[in-house]
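All chains, full assembly: derive it from the sequences and hints.
The chain contents come next:
Number of protein chains: 2
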Amino acid sequence: MSDALTEDPRVTRTRNDVLGAAVRILVEHGWDEVTHARVAKEAGYSRATVYAHWPDRIDLLRDAFGRYGQMPHHEPTGDAVTDLRGEVESFCRAMVEYRLDRALATLAERAQMTPEVVAIRDSFVAEGERPMRATMPDLAQGAAAEASIQMLCGMVTHSVLMHGAPPDAAVLDAAVDIVVRGLHRS
Amino acid sequence: MSDALTEDPRVTRTRNDVLGAAVRILVEHGWDEVTHARVAKEAGYSRATVYAHWPDRIDLLRDAFGRYGQMPHHEPTGDAVTDLRGEVESFCRAMVEYRLDRALATLAERAQMTPEVVAIRDSFVAEGERPMRATMPDLAQGAAAEASIQMLCGMVTHSVLMHGAPPDAAVLDAAVDIVVRGLHRS
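As you go down the protein sequences, you meet chains A and X in turn.
Just so we're aligned, residue 1 is where the first sequence starts under our numbering, counting upward by one.
Just so we're aligned, residue 1 is where the second sequence starts under our numbering, counting upward by one.
No lab work stands behind these hints, which were simulated from the structure alone.
Heads up, some of the hints might be wrong.
As the list claims (entries may be wrong) - To spell it out: a stretch of chain A is covered by chain X in this simulated footprint if at least three of its residues, at any positions, have a beta carbon under 8 Å from a beta carbon of chain X; those stretches are:
#, region
1, 16-22
2, 35-41
3, 47-56
4, 80-88
5, 143-157
6, 169-176
Source: prediction; values computed, not measured.
Where is the CB? At the ideal position from N, CA and C, for every residue including glycine.
Take a look at the structure:
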């Protein structure tokens, strides 16, 4: 926050341009292509500028995922069930519209072998789950809340990464209904 | 089936040895290391033997995943809820004991860019989900059954690939309870 308030607007614009380019390359061409040289070219800046802001490539990747994670979510209505369903739908849409499938597959795979990626994955996932976690206390607490979040997010992750497509509308509706009913009887 | 019945036992043994070695390399060192040369060395056969059985590397990988997928599952009891819970627990254990986390992360990531891997992933996932799909008709049909499978498998996949560890016992129990209760009220 204090960075954003005190930062020179030209620096802010440069960082925005470069991170936007890094996200595009990440989504379209994959993790390995996010290099200083390629990002500089795509953003229309010199390599020296990109190196000056991000001496280490892993920091450029971390900030690119930070930018990428600012994608739109469901607009909360205050009704917990509506908002829960809205977040699951928004997660499904992001898989297609923002190619979140590729980002998550890459983070899952790289985090297995590269410790620096674990922190990037954890921040990105925490940011993605934040709205659902904000809605959940109106419906459940403790292990039941955690189980509901992991099942609803997991249905989308598993469908996309293991079956190649998000759940269809009937399955999504059935899942939200099962969770809401299951919580109300517990 | 007819292959297994008519195959020369020495051929069967060779295939078993080679695929066992391929699975070990896959799990310990990753997809890129599953090459004819490395698998031959690990299995104690000549490269020519491995090439004779699997001229294409992708076929060696496919058969290695086929072998790997024959890991033990929960022993069915006939009680649908017990068997559902047992399968979720068995899926969690496989993530740790058989490093299924690595296999799934690799399949998810490779399937994004390589069409041949989609078929390998689909077979591997279908084999993994088979016991849970066999249990489900006693509890639910249609979209509710599919949602339950995707949520329970997805909870494990999402926890492991996005949070770095399987769900703990309290979350796993809560999830199964929510699904069973949610289905009974629908």
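Structure-based check of all given hints:
Counting residues of the region 16-22 of chain A whose beta-carbon sits less than 8 Å from any beta-carbon of chain X gives 0, not enough to reach three: the coverage restraint is violated. Under the rule that three or more residues need a Cβ within less than 8 Å of chain X, the assignment of the region 35-41 of chain A is violated, with 0 such residues. For the region 47-56 of chain A, the assignment as covered by chain X is violated, since 0 residues bring a beta-carbon within under 8 Å of that chain's beta-carbons and 3 are needed. Counting residues of the region 80-88 of chain A whose beta-carbon sits less than 8 Å from any beta-carbon of chain X gives 0, not enough to reach three: the coverage restraint is violated.
Check on the region 143-157 of chain A: 13 of its residues sit with their Cβ under 8 Å from a Cβ of chain X, so the three-residue criterion for coverage holds. Coverage of the region 169-176 of chain A by chain X holds in this model, with 6 residues showing a Cβ closer than 8 Å to a Cβ of that chain against a need of three.
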